Amino acid sequence: MATLTISELTEIMRECAGEDESVDLTGDIADVDFADLGYDSLALLETAAIIQRRYQIRLDDHTVTEARTPRALVELVNNALAGAAH
Amino acid sequence: MTVPAVVTGIGVVRPTGLGTQQYWSATVAGINGIRRVTRFDPEPYTTKLAGEISGFDPARHLPSRLLPQTDRMTKLALVAAEWALADAGIDPATLPEYAAGVVTASASGGFEFGQRELEHLWSKGPEYVSADQSCAWFYARNPGQLSVRHGMRGPSGVLVADQAGGLDAIAQARRQIRKGISVMVTGGVDSALCPWGWVALLAPGHASREENPGRAYRPFARDADGWVPGEGGAILILESVEAFQRRGGARGYGVVAGYAASFDPPPGSDRPPTLRRAIESALREADVAPHEVDVVFADAAGVPEADRVEAEAIVDVFGPHGVPVTAPKTMTGRLFSGGAPLDVATALLAIRDGIIPPSINVDDAGAYPLDLVVGKARRRPVDVAVVIARGYRGFNSVMVLRGLSSGRRAPEMREGNWNGDSHH
Amino acid sequence: MPHQSGDAERRRVVITGIGVVAPGGIGRKRFWDLLVSGRTATRRISHFDPTPFRSQIAAECDFDPAEHNLTPREIRRCDRMAQFAIVCAREALADSAIDLGRIDPARVGVCVGTAVGATVSLEQEYVVVSDSGAHWQVDQGYAVPHLYDYLVPSSVAAEVAWQVGAEGPAAVVSTGCTSGIDAVAHAVELIREGAVDVMVAGASDAPISPITVACFDAIKATSPRNDDPEHASRPFDRTRDGFVLGEGAAMFVLESAAHAERRGASRYAEIAGFGSRCNAYHMTGLRPDGREMAEAIRVALAEARVNPDEVDYVNAHGSGTRQNDRHETAAFKRSLGEHAYRVPVSSIKSMIGHSLGAIGSLEIAACALAIDNGVVPPTANLHESDPECDLDYVPLVAREKQLDAVLTVGSGFGGFQSAMVLVHPDRRGRR
Numbered sequence: 001m002a003t004l005t006i007s008e009l010t011e012i013m014r015e016c017a018g019e020d021e022s023v024d025l026t027g028d029i030a031d032v033d034f035a036d037l038g039y040d041s042l043a044l045l046e047t048a049a050i051i052q053r054r055y056q057i058r059l060d061d062h063t064v065t066e067a068r069t070p071r072a073l074v075e076l077v078n079n080a081l082a083g084a085a086h
Numbered sequence: 087m088t089v090p091a092v093v094t095g096i097g098v099v100r101p102t103g104l105g106t107q108q109y110w111s112a113t114v115a116g117i118n119g120i121r122r123v124t125r126f127d128p129e130p131y132t133t134k135l136a137g138e139i140s141g142f143d144p145a146r147h148l149p150s151r152l153l154p155q156t157d158r159m160t161k162l163a164l165v166a167a168e169w170a171l172a173d174a175g176i177d178p179a180t181l182p183e184y185a186a187g188v189v190t191a192s193a194s195g196g197f198e199f200g201q202r203e204l205e206h207l208w209s210k211g212p213e214y215v216s217a218d219q220s221c222a223w224f225y226a227r228n229p230g231q232l233s234v235r236h237g238m239r240g241p242s243g244v245l246v247a248d249q250a251g252g253l254d255a256i257a258q259a260r261r262q263i264r265k266g267i268s269v270m271v272t273g274g275v276d277s278a279l280c281p282w283g284w285v286a287l288l289a290p291g292h293a294s295r296e297e298n299p300g301r302a303y304r305p306f307a308r309d310a311d312g313w314v315p316g317e318g319g320a321i322l323i324l325e326s327v328e329a330f331q332r333r334g335g336a337r338g339y340g341v342v343a344g345y346a347a348s349f350d351p352p353p354g355s356d357r358p359p360t361l362r363r364a365i366e367s368a369l370r371e372a373d374v375a376p377h378e379v380d381v382v383f384a385d386a387a388g389v390p391e392a393d394r395v396e397a398e399a400i401v402d403v404f405g406p407h408g409v410p411v412t413a414p415k416t417m418t419g420r421l422f423s424g425g426a427p428l429d430v431a432t433a434l435l436a437i438r439d440g441i442i443p444p445s446i447n448v449d450d451a452g453a454y455p456l457d458l459v460v461g462k463a464r465r466r467p468v469d470v471a472v473v474i475a476r477g478y479r480g481f482n483s484v485m486v487l488r489g490l491s492s493g494r495r496a497p498e499m500r501e502g503n504w505n506g507d508s509h510h
Numbered sequence: 511m512p513h514q515s516g517d518a519e520r521r522r523v524v525i526t527g528i529g530v531v532a533p534g535g536i537g538r539k540r541f542w543d544l545l546v547s548g549r550t551a552t553r554r555i556s557h558f559d560p561t562p563f564r565s566q567i568a569a570e571c572d573f574d575p576a577e578h579n580l581t582p583r584e585i586r587r588c589d590r591m592a593q594f595a596i597v598c599a600r601e602a603l604a605d606s607a608i609d610l611g612r613i614d615p616a617r618v619g620v621c622v623g624t625a626v627g628a629t630v631s632l633e634q635e636y637v638v639v640s641d642s643g644a645h646w647q648v649d650q651g652y653a654v655p656h657l658y659d660y661l662v663p664s665s666v667a668a669e670v671a672w673q674v675g676a677e678g679p680a681a682v683v684s685t686g687c688t689s690g691i692d693a694v695a696h697a698v699e700l701i702r703e704g705a706v707d708v709m710v711a712g713a714s715d716a717p718i719s720p721i722t723v724a725c726f727d728a729i730k731a732t733s734p735r736n737d738d739p740e741h742a743s744r745p746f747d748r749t750r751d752g753f754v755l756g757e758g759a760a761m762f763v764l765e766s767a768a769h770a771e772r773r774g775a776s777r778y779a780e781i782a783g784f785g786s787r788c789n790a791y792h793m794t795g796l797r798p799d800g801r802e803m804a805e806a807i808r809v810a811l812a813e814a815r816v817n818p819d820e821v822d823y824v825n826a827h828g829s830g831t832r833q834n835d836r837h838e839t840a841a842f843k844r845s846l847g848e849h850a851y852r853v854p855v856s857s858i859k860s861m862i863g864h865s866l867g868a869i870g871s872l873e874i875a876a877c878a879l880a881i882d883n884g885v886v887p888p889t890a891n892l893h894e895s896d897p898e899c900d901l902d903y904v905p906l907v908a909r910e911k912q913l914d915a916v917l918t919v920g921s922g923f924g925g926f927q928s929a930m931v932l933v934h935p936d937r938r939g940r941r
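As given, the protein sequences belong to chains A, B and C, one line each in that order. Using this note's numbering, you'd call the opening residue of the first sequence number 1 and step up by one each time. Using this note's numbering, you'd call the opening residue of the second sequence number 87 and step up by one each time. Using this note's numbering, you'd call the opening residue of the third sequence number 511 and step up by one each time.
Since the hints were derived computationally from the structure, they do not count as laboratory data. Quick caveat: nothing in here was measured; it's all calculated off a predicted structure.
In the SDA-like style, the derived pairs of lysine to any residue whose C-alpha atoms are separated by at most 20 Å in a straight line are:
no.	chain 1	residue 1	chain 2	residue 2
1	B	K210	C	R564
2	B	K210	C	A644
3	B	K210	C	G643
4	C	K911	C	P818
5	B	K210	C	F558
6	B	K265	C	R521
7	B	K210	C	D641
8	B	K265	C	R815
9	B	K210	C	V639
10	B	K210	A	C16
11	B	K462	B	Q108
12	B	K462	B	G440
13	B	K210	C	S642
14	B	K210	C	Q634
15	B	K265	C	R520
16	B	K210	A	Y55
17	B	K265	C	R702
Turn these sequences into a full structure, and let the hints steer you where they fit.
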């Protein structure tokens, strides 16, 4: 079953929304708020859209906007992937 | 007495010139920036030449976060604006909260971004349209983005009048200065060099089919066969005299002394075109007589009917061979909303340095009694310049620029000291 | 209020003619009837198959160009939004009873607002030249001659100028969702400056096209209430879930008050003040405090010489997104103080959706008609109040009220915040 890792997530974000010069995305950023990483709501929407297309899953509108950190979003995605596998 | 508006900063992005110094040297030298299109394969199209900006690496100038979200026209405008603000010595963050605004012109919006998103939609499906599309392509993206980037909360806007819009935007900026805003960022930048933009630009049949860059865009020539599309433009900083003095501004380029706009009667009407009246109104507002004008930057469409109308209007106002006329856009192609702001920047540098840049690829003004500056740049003192800008379907805008060291400047300006010397 | 020395210096500008193309009814009269009735004109999208999209609702105009005296050439070359603009300009001119033959064309100008220009035509033509997105290198052989007019939307100002015979300044104002207010403000400014005596001005947008629906889907800005489209536009309601895309246009004949008086024109309202600011925060996001909108309101009121507590009606932006309605409510409280709780506030987007650049002009038309009729249009679909939106939003039913001073606001992508104040044409005389 496919899963999403934090580094795969940051790669997607870098691709679709660039990265903030002052932030090191390869560092320990799993629990840092997206806003502090320089990503706004548009960037998150775009990231969610790419994940949904690439992994062929549906993410609920509300839960995407509630995921405030990379770890939270990765968990959300992996839950959806686990659910889809059944 | 209305408040004079001074241009205090210039930022240029155009073929053959990124940055004011580079572009001015290339312009004075008559360097041709038109060449075969490289952005896509031009072979299938009836026009194969363009004024492309080469050597622009957005990643060098802009934060990575902005790059995927914005069309090329926005990237160019952001960089030009940064340069213009630096040139003026202004950091908007240090200004009072609502003291600065942005009004630019646009003609095609972020069309390349739009083409990509349309392609995603139609070849793959709605879920492939990006979250950035909602505001990457629309005409107001540039002022919106500039406002966010530099924290400018004053009145902002976008004017569209094809190639005439650039002057309308500068005039609107001047209006805001007169109403009390301290600093206005203005001008225009356009870039629609993608195949979808290309076929749209070519649709009326006014773009040259010539494949030799030295023979393609030849306004006023007897065998003129159209213009060449280009990308780029200029961002200008406009300030009130008081704001400029208050912050001990180092250098002003000149004053926006006059402006007028008009619209032509419909095709087939027996009423005359209105460009002449617009030129006369602008001169009247500037309190300048035709013989006091040192140079006219022509719209120079290169489309025979348009050339004829423009030449006649110039001759009606200034007399045959009555004023030097030039079209440096022969070196860049037609820049749409960027064209006229770039001409204004060029006019101000002509005033500063006493040099009129040439029009290239033409030997003379063909059948028209115009003193077209061709071959080499012409050195002579320039104090008053007129810029003409015309938009497809009948838009006419005219602007008069005047130097600051002119003995004719308004009384309150004589007290100022404009050339970097200290003043108290 | 004592006579202000500025009055004599600044020309006053009045609305003497109104033309409207709106969902639910073409023409000024049908538009007003819809607003007063509180009925909604939002429905399942019918212009194309909306099934693949998240939001499948729009406020569409039942507009067949052949029924509105447009020539075959006009229909062929004009995008739908330009068709709207022409029809509205004609209605406004007829309504104003102005005799353009007696006015120097150089003293008549045009200003049209639009956010997305010729979107429908551009998309239709794109599909053809690209073969449904198969080719990046699109085929010039399939390109229609009017593509340039679709690419550069100033063509709509040209069309209106040709209708009117205007030879004064003509331009398009394109500031996203505030275009409709900003274009009218620009026109007012030109009259005040003395460059012209008459402006035919307003705004038009016909954005109901797959690319537009898709891009708002991508940012989840539009309502996905697809099983109940008539009730999907719910500004200020606790259950609001996004705006409903609309289309439409409104055009006005604006004149200097002196010019209108000289020819005995009847006037709907005077446009007395305008303010424009930017929030400089984010392209699509809004901070909840509404500071910059409040500042635009303050500037507009000051220019109009109307005190905050003299505002009789506020026509809100009221798009029905969660963030807008909250932002705007805060802006009203900030700018109007306690009076924000007393003044009726309503959003006509609840009935005719959000037509992007056009809606600002449609809202100005609603304000002018409200002043003229002494009636405040309601906010439809407002059933459950939201603690963050606790003002009097005139739920469901229109209200009779003498209106002397009316405020209308707009807010758009890019952070643009605009406010305009209209006053009763006799207000000055009554004070």
